[in-house]
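A.B. asks: Chain by chain, the residues run as shown.
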Amino acid sequence: MLKALLARLNQGHRTAVGIPEALPDRTLGRPRFQPVRCAEGCSECARVCPTAAIVPGQTLDLGSCLFCGECARVCPHGAVRFGRSPAMAVRRRSDLVLSGPDLQLAEALDEQALRLFGRSLRLRQVSAAGCNACEADVNVLGTLTFDLARFGIDFVASPRHADGLLVTGPVSRNMREALLKTWQAVPAPRLVVAVGACAISGGPCFDHEQTCGGTDGLLPVDLYVPGCPPNPWTILDGLLRLLGRLEGPEAG
Amino acid sequence: MKPEILSYPEFSKKLAGRHLAALMGLPGRSGSVLMVAVTTPGAPSAGEEAGACPPGGLQLPATVVEGTFPSLTLEHPQAHGFEREFFEEWKVRPEGHPWLKPVRFPQGQPGLTDFFKVSGEEIHEVAVGPVHAGVIEPGHFRFQCRGEEVLHLEISLGYQHRGVEKALPGASPARSMAYVETLAGDTSVGHALAWCRNLEALAGIRVSARAEALRAVALELERLANHCGDLGALAGDVGYLPTASFCGRLRGDLLNLTGLACGNRFGRGWIRPGGVAWDLEPVRAEQIRTRLAGIMRDVRQALDLLGRSGSVQARFERTGILTREAALELGLVGPVARASGVALDCRRQFPWGPYLDPAFPVCTGLLGDVACRARVRIDEMEVSAAFLDSLLAHLPEGPLRVGMRAMAPKAFSVSLVEGWRGQICHVAATDTQGHLLACKVVDPSFRNWFGLALALRGQQISDFPLCNKSFNLSYCGHDL
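Taken in sequence, the protein lines are chains W and H. Sequential numbering from 1 applies to the first sequence in the numbering used here. Sequential numbering from 1 applies to the second sequence in the numbering used here.
Chain W extracted, bound-state conformation (with noise of 0.2 Å):
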């Protein structure tokens, strides 16, 4: 007991106060796009996308984005530069589509959402062919660095018990059936939350017949968190941002 108060000093106080502004200096954060910058017929960053993600001149859609980085790497105009801010979350499909260097970020949900969820939100997650790097980047929030139950959120066993689902994945057609289950079985009005890109838009298996590319079109998404996997911090800051908890202008 006395080696266990002893432990519990020695490894002190890990609980981070505030989201930071940056993530490490060789992680990718928001990017800045600037179609503007493109050269005409140059698609150097199409060839090298794994997702076709971009589109010279046009759009970079950050819901199919994995952040490799190598778009940023081959550009020859510096039309995408990937910044260090986690902040990326949004609450509508088409804002992942960007065609400038604006990103609306996720609003908070509506006065009457808010009091229901804004205090307390027990989400209950569900992986379908999630590849186990969201899930772990999920699990992580409840971690004493992150301590995401001191904001109100939990995750718990049962979806009767939840206000809403947090899905990862591509939703392979093999897990299509229990994803809706589930989701049936969450009382309304509740809350969908997808996290990654292959819950968003189907990831690197985007275009297989085995999957479903995403819970777009099988379920009302309220808020889209990209990454692959997204970083903690983006997760835990898109929270935040839907239930008000977050506001203004985002870092970096």
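Hints in this document: simulated from the structure, not taken from any laboratory. From a predicted model like this one, the values you see are computed outputs, not experimental measurements. Some hints here could point you the wrong way.
To be verified - Computed footprint of chain H on chain W, listed as stretches where at least three residues anywhere in the stretch have a Cβ under 8 Å from a Cβ of chain H:
id, segment
1, 3-14
2, 63-71
3, 140-153
4, 185-195
5, 225-234
Think of the CB as a built atom: it goes at the ideal place given N, C-alpha and C, for glycine as much as any other residue.
Assemble the complex: chain W is given as a structure, and chain H must be docked to it using the hints.
C.D. replies: Coordinates of chain H only, in the frame set by chain W:
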């Protein structure tokens, strides 16, 4: 190396006493299928000094099959899963297979299949999944119980099937890297490494000593993070919260070291064909080394608490025993097999770069219970930490990446990497143009799931979470 085509009886004989790393099909002439086995030497006998697994000795026996063939499983139980997979993929039936069931349900309706049933007045059945209670991947577990005691557990997966293996040969280089890095997301480095080493072998290029060293750094950091997380989760499953919460945080700190090196906490984007994409300049290498030393201090303290707690050890010891014989018969791999006394480790058997050390320690256990599986992970963390400490202090010079060349036509390559869960086997074959014709991926989980089913026999059903965690297998790595 090329597969050696043999008659069926000779082929079957060639498997005796060997470890079956993979069994795969290649399209043959006029509707036949060439069945290729990848085998490595079997484990040294139990009496020999631990860590005596012999280096090298890969064999590729092959045979032509059509329509049906006599099942290998009866003589070589480790072929059971491979044969089920082979049947699902090639529609060639292994006659006499004891339980020829779907593996991944590529036609849909996962879980709709026969299950082994125990009958009797006191018998009850418990079905769990696909959606589980925690934040984990989906799968279905069917227990046959008498009271609390589990008589039999059957695991039915396939819910995570994404068609990745099939899509690999035709994918663009960028997309195939994304596929292998998400094959099993917690093993991004292991699979990326196995994949790249095959491409490099087929193209006939050698990566630099520096790139090999950085790849080893990535692989061992991945092992450290996952082993640390597993040990914390084991503590959590017996309700020992100090170690559970310390290790949960420390696992994140270890992932952050990988993030510091390449930007991605899972090592995605670090390993690329021809070498690595990110260097560790001296300051960064030293920063990682210092932070690792600090993390390991905290890890030791957290694990010391775990070891000293009598109530924890009482729950770990003699729970979920997997005998050495069972582990060998089923061809189990990784820390799970080593905890049962199977001294096989690819870092010793097929070493490269910084692993070319004939004394590289192989950590084993004797009993094959949860306590041994925890112990092997603890020992392996120490080995990896010491290895990283000296490697980071003396990174060899050399280019990060060498240019890829065209791959040889009609060539065959096998890559074996010791991921944190065990042996990762990738096989790649090229066609007459030097394009990828077929790829085979064997995640360690493909074998080890059956080990979990066996370890549960005679256990209390309430010990399932603990046993499951002591294996901690990948669902998507199995379902591909």
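A.B. asks: Count the residues of the segment 140-153 of chain W with a beta-carbon closer than 8 Å to any beta-carbon of chain H: does the count reach three?
C.D. replies: holds (count 5)
A.B. asks: Mind checking, does the segment 225-234 of chain W have 3 or more residues with a CB under 8 Å from chain H?
C.D. replies: As far as the segment 225-234 of chain W goes, the hint holds, because 4 residues have Cβ atoms under 8 Å from chain H.
A.B. asks: Under 8 Å between beta-carbons, do enough residues of the segment 63-71 of chain W, three at least, approach chain H for the coverage claim to hold?
C.D. replies: holds (count 5)
A.B. asks: Can you tell me if the segment 185-195 of chain W counts as covered by chain H, using C-beta to C-beta distances under 8 Å and a minimum of three residues?
C.D. replies: violated (count 0)
A.B. asks: Check whether three or more residues of the segment 3-14 of chain W sit with their beta carbon closer than 8 Å to a beta carbon of chain H.
C.D. replies: As far as the segment 3-14 of chain W goes, the hint holds, because 7 residues have Cβ atoms under 8 Å from chain H.
This entry does not satisfy hint 4, going by the numbered hints stated previously; all others are met.
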